[in-house]
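Given the coordinates of chain V, work out where chain A should sit on it, guided by the hints.
Protein chains: 2
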Amino acid sequence: MLGNFTYHNPTKLIFGEDSMNALAEELKSYGPTVQLVYGGGSIKRNGIYDQVIAALEAAGKTVVEDGGVMPNPTVEKLNEGIAIARENNVDLILAVGGGSCIDYAKGVAVSVNLPADRDPWQTYWVDFEEPTCPVVPVGAVLTMVGTGSEMNAGSVITSHEAKMKVGHVFASADVFPKFAVLNPTFTYTLPQYQMVAGIFDIMNHITEQYFSGTDDNTSDCLAEGLMRNLVAASRAAVKNPEDYEARSNIMWCATWALNTLIAMGKSTDWEVHMLGQAIGAHTDATHGMTLSAVALPYYRLIMPYGLAKFARFATAVWGVDPDGKTEEQVAAEGLDAMEAWMREIGCVMKASELGVTEDMLEGIADSTLIMQGGYHALTRDEVIKVLHQSL
Amino acid sequence: MLGNFTYHNPTKLIFGEDSMNALAEELKSYGPTVQLVYGGGSIKRNGIYDQVIAALEAAGKTVVEDGGVMPNPTVEKLNEGIAIARENNVDLILAVGGGSCIDYAKGVAVSVNLPADRDPWQTYWVDFEEPTCPVVPVGAVLTMVGTGSEMNAGSVITSHEAKMKVGHVFASADVFPKFAVLNPTFTYTLPQYQMVAGIFDIMNHITEQYFSGTDDNTSDCLAEGLMRNLVAASRAAVKNPEDYEARSNIMWCATWALNTLIAMGKSTDWEVHMLGQAIGAHTDATHGMTLSAVALPYYRLIMPYGLAKFARFATAVWGVDPDGKTEEQVAAEGLDAMEAWMREIGCVMKASELGVTEDMLEGIADSTLIMQGGYHALTRDEVIKVLHQSL
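Protein chains in written order, with our numbering: chain V, 1 to 391; chain A, 1 to 391.
Bound conformation, chain V alone (with noise of 0.2 Å):
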């Protein structure tokens, strides 16, 4: 049953190999100084730092530099990101990386014209306010797929002091990106590793808006057809990074995955990413790890409290023959296959491997929220149960 709804997506992207010829005529459209946020400086060595600056050349730029924005971005990088802005006046925030970056540069866009007495984290991340101030422009050049940040108006800021890694999903049109450069073959030197994370992070971004709801979704058919299209291009992929047509699907597939389409008129769980940000925030790991670590216990775990589906995600997306078999059995048949293709592709499959310990359990417990959109809230003891199964 789709209920009421708004859907509203500006942002231009700009996608394929010859893409970032249309970054320098795409920055004209904004004011003289742009704050350039990068992370750990790989885009210096790869050679896309120099393309972008060469298109804020040609465009007439002022640069302010803004580099360093870590995996998780911390309040205290945010502060200082915010001050950057501040003292210079910027009229774009030009975030290059992966997810980490994007989330920055908007959760720096959002903070800029907050009075000087707002705490951003208090306002944006505890308080879950919208922006009423002015939001600085953000524009992206993608170099890492998974976290659907280039398109949408998400934010994930992590406080050590608090212990908590915290999303926040803006409403306002304004946060999301104005344009997203999008070059599948930035994303070829990213090690393996990562690309594995970030391959995993979208399969979980689907499957956290497909597991609730019991009709027949415009949004859940979507989302079929994106898994199937992930699986596909993720196995062609880990054997050739270099494999074009594998990595633009895997790009692009992630945009849409994340974008807000496929929650459009339905509830959505996000249980696993808060089991994962629970995670992250006790060890610092790849986000898209401390996903595929948790994933398989907390599915199985609800998987009978929403069989219907977990049976059609068997056949629809692995291609479980149901012939002769129970619900149940269909169902648990396409979680193996899910692992499956996880083992394939190289997912953490274990808590422990990221450097979660038993005594650590009872604290990222402490750091995990309970989502009541999916088709079972956790209990305190389940959370803890699917933490230990993950270890």
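Honestly, the hints are just simulated from the structure, not real lab data.
The beta carbon of each residue, even a glycine, is placed where N, CA and C say it ideally should be.
The reader is advised that the hints may include incorrect statements.
Selected chain A positions facing chain V (in silico; Cβ < 7 Å) [to be verified]:
(1) Phe15
(2) Gly16
(3) Tyr188
(4) Asp216
(5) Arg228
(6) Arg235
(7) Val238
(8) Glu242
(9) Asn249
(10) Cys253
(11) Ala337
(12) Trp341
(13) Glu344
(14) Gly346
Chain A in isolation, oriented as in the chain V frame:
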């Protein structure tokens, strides 16, 4: 293989049973004078007109009436609408109806500010220019689904003088409706014939984009999801037109079938639309039924040129079991399954039912544009053959 492309679809979609509640607020973003575009007056009988007027009044707008838009809007009507817009210096064109009304509204919107010596038909539907003048904003309240016009920049106009029905898909983001209100219950009162025509129009929008290319494209996977959903929902809707789940899924599916998404990164065909539009220009028959009358002869003719895709269509959309069959058999069974579905829901299967006679075929063939993006570009003889088989 995903080539280079730009995706930018800024239309805001307000969806659901309660979506009209948002109209007055939405209207406040635009200037005081609104050109109200609608068709033959059914919206006055079913109460939608009164709801729209109430929202316009609540937003304090001056309303300029522009009713009487015909199912295939003509050049003469277009010129009338442009004159109305110019005389009243309108700030927004609000189309209340189906694709014809919205297409017409876009046609007026791109033409209002053309220099007086430029002919709109020649500029946009013969020379296919992009607007260089300011485009008047368009909003929509959708009462009939199928064309996807609520979230794309297409506009189909008919010239009886030229015996041509021509669709211009504008590239400019300015031509997309700024907003569209989609209330599935508004489609309940539509006669069954029109509902079914809309459903086949949706299906054909998808197949026109699906039957091209040879790779496992994200777009094709999304298309398969949309088709499976449409088939299921249409079967429910013909049994009970007031099945909200079915009508809402059909409405949402229609939007995504033709809002540019599933065409990204691949070539598309559109030959069925060229054949159907030629029939439309000669008979004024309902658009969707002109497509259903020619689709099967056309697809059976081109099937050998895209055999693998037709076989994939059979298994992925229609659940044809490929075991022990040749690719040709699987592909043919897919088209047979589509034919059975078309008959089940009540599509027109013969152009003769639309008033086409043997002696009209050469004239219709003269009006048929030949497309190059599908698996096979038709020869003149093949156009005649397809038309003949559709009789």
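Now the hints, each set against the structure:
1. Look at Phe15/A: its Cβ gets to within about 5 Å of chain V, closer than 7 Å, so that hint holds up.
2. The interface hint given for Gly16/A is met, as the beta carbon of that residue sits about 3 Å from the closest beta carbon of chain V, less than 7 Å.
3. For Tyr188/A, the interface hint is violated, since its Cβ never comes within 7 Å of a Cβ in chain V; the closest pair sits about 15 Å apart.
4. With a cut of 7 Å, the hint placing Asp216/A at the interface with chain V holds, because the nearest CB-to-CB distance is about 5 Å.
5. Hint on Arg228/A holds. Least Cβ distance to chain V is approximately 5 Å, under the 7 Å limit.
6. Hint status for Arg235/A relative to chain V: violated, with the closest Cβ pair at about 11 Å, above 7 Å.
7. Interface hint status for Val238/A: violated, as the beta-carbon distance to the closest one in chain V is roughly 16 Å, over 7 Å.
8. About 14 Å separates the beta-carbon of Glu242/A from the nearest beta-carbon of chain V, more than 7 Å, and the hint is not met.
9. Contact between Asn249/A and chain V, as hinted, is supported at the beta carbon level, the nearest pair being about 5 Å apart and thus within 7 Å.
10. Contact between Cys253/A and chain V, as hinted, is supported at the beta carbon level, the nearest pair being about 5 Å apart and thus within 7 Å.
11. Interface restraint check: Ala337/A against chain V, minimum CB-CB distance 17 Å, threshold 7 Å, status violated.
12. Annotation: Trp341/A was flagged as interfacial toward chain V, and the flag is violated, the nearest CB pair being 16 Å apart, outside 7 Å.
13. Given hint, Glu344/A at the interface with chain V, is violated; its Cβ is 17 Å from that chain's nearest Cβ, farther than 7 Å.
14. With a cut of 7 Å, the hint placing Gly346/A at the interface with chain V is violated, because the nearest CB-to-CB distance is about 21 Å.
When the structure is compared with the earlier hints, violations turn up for hints 3, 6, 7, 8, 11, 12, 13, 14 and for no others.
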